[in-house]
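Peer 1: The listed protein sequences derive, respectively, from chains W and H.
Following the working numbering, the numbering of the first sequence begins with 129 at its first residue and continues without gaps.
Following the working numbering, the numbering of the second sequence begins with 134 at its first residue and continues without gaps.
Quick caveat, the hints were computed from the structure, so don't treat them as lab data.
Computed from a predicted structure; not experimentally measured.
Hints are not guaranteed to be accurate.
What the hints assert, rightly or not - If you only want the chain H side, here are some residues facing chain W, beta carbon under 7 Å, derived: (1) V146; (2) G233; (3) G241.
As the list claims (entries may be wrong) - Straight-line alpha carbon distances no greater than 30 Å define the calculated DSSO-like cross-link-like pairs of lysine-lysine that follow: (4) W:K185 - W:K172; (5) H:K149 - W:K185; (6) W:K142 - W:K185; (7) H:K247 - W:K142; (8) W:K142 - W:K172; (9) H:K136 - H:K203; (10) H:K206 - W:K230; (11) H:K206 - H:K136; (12) W:K230 - W:K137; (13) W:K142 - H:K149; (14) W:K172 - H:K203; (15) H:K203 - W:K185; (16) W:K142 - H:K206; (17) W:K185 - H:K247; (18) W:K172 - H:K136.
Note that the Cβ used here is the ideal one computed from N, Cα and C, for glycine as well.
Each chain, letter by letter, is given below.
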Amino acid sequence: NAGVTQTPKFRILKIGQSMTLQCTQDMNHNYMYWYRQDPGMGLKLIYYSVGAGITDKGEVPNGYNVSRSTTEDFPLRLELAAPSQTSVYFCASSSGSGGVEKLFFGSGTQLSVL
Amino acid sequence: AQKITQTQPGMFVQEKEAVTLDCTYDTSDPSYGLFWYKQPSSGEMIFLIYQGSYDQQNATEGRYSLNFQKARKSANLVISASQLGDSAMYFCAMREDNQGGKLIFGQGTELSVKP
């Protein structure tokens with residue numbers, strides 16, 4: 129089972145460049161999330177989605193955009209990269225069906241903006 | 134306002150002893166879920182345990198149990214019989230069901246198990 133797949137695993141950007149972090153899940157989950165984790169810190173919610181065509185801002189959305197055209201994919205777009213966006217990015221998904229739920233995580237993307 | 138608070142940046146425990154990691158939360162939503170995750174130095178996020186706000190009993194998963202005190206809004210993780218492999222960062226998280234599935238994390242507690 130692939131679960132949640134993130135690409136790329138590592139990326140170095142120059143200030144002002146743009147890029148898209150890809151996230152795909154094959155579990156038919158409704159809920160998908162993007163988090164960033166700065167060194168020694170917790171995970172901060174950037175954006176989340178409860179289904180195709182529906183997205184909402186999290187705790188730290190500035191400088192990012194998302195789309196959810198299909199259930200499987202939830203790409204995160206960085207426009208005009210800044211050093212403050214250097215972080216590890218995690219994509220996650222859950223069924224959203226309530227009850228005992230797990231949040232399944234991708235393996236993360238280490239992004240450096242120089 | 135911070136909705137999930139972990140007040141212990143670092144904890145030490147002797148191998149084979151039990152340890153409690155604190156987590157308090159703040160919500161007015163009557164329906165919510167509480168999660169604990171482990172993050173070893175490899176960086177992966179490992180699900181440990183879940184507690185729903187309407188669950189009458191405290192959740193348990195092997196050596197992990199969640200001490201859920203709803204009136205105090207606390208959801209402490211208890212690890213029994215600590216092992217060296219338990220050394221990691223531990224994160225508490227909350228999902229408010231009437232907030233469209235929004236799920237936020239606390240700052241984390243770094244647990245070190247001493248031999």
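Peer 1: Does W:K142 pair with W:K185 here, judged by a C-alpha cut-off of 30 Å?
Peer 2: 25 Å, holds
Peer 1: Min Cβ distance, H:V146 to chain W: is it shorter than 7 Å?
Peer 2: Constraint on H:V146 not satisfied, violated at 20 Å.
Peer 1: Going straight from one Cα to the other, do H:K206 and W:K230 come out at no more than 30 Å?
Peer 2: 21 Å, holds
Peer 1: Can H:G233 be said to touch chain W, with a Cβ gap under 7 Å?
Peer 2: 5 Å, holds
Peer 1: Is W:K185 within 30 Å of W:K172, Cα to Cα?
Peer 2: Holds: W:K185 and W:K172 sit about 11 Å apart, inside 30 Å.
Peer 1: Under the criterion that the straight-line Cα-Cα distance not exceed 30 Å, is the pair W:K172, H:K203 satisfied?
Peer 2: 24 Å, holds
Peer 1: Holds or violated: the hint that H:G241 contacts chain W, with Cβ atoms closer than 7 Å.
Peer 2: 5 Å, holds
Peer 1: CA of H:K206 to CA of H:K136, is that 30 Å or under?
Peer 2: Judged against 30 Å, a Cα distance of about 10 Å means the pair holds.
Peer 1: Taking 30 Å as the top limit, are the C-alpha atoms of W:K142 and H:K206 close enough?
Peer 2: Distance ~44 Å between W:K142 and H:K206 Cα, so the pair is violated.
Peer 1: Has the given pair, W:K185 with H:K247, been kept, meaning a C-alpha gap of at most 30 Å?
Peer 2: At roughly 41 Å apart (the allowed maximum being 30 Å), H:K247 and W:K185 break the hint.
Peer 1: Is W:K172 within 30 Å of H:K136, Cα to Cα?
Peer 2: Given that 30 Å is the threshold and the Cα spacing comes to 12 Å, the pair holds.
Peer 1: Hey, H:K136 versus H:K203, does the alpha-carbon distance stay inside 30 Å?
Peer 2: 15 Å, holds
Checked against the numbered hints given earlier, the structure breaks hints 1, 5, 7, 13, 16, 17 and satisfies all the rest.
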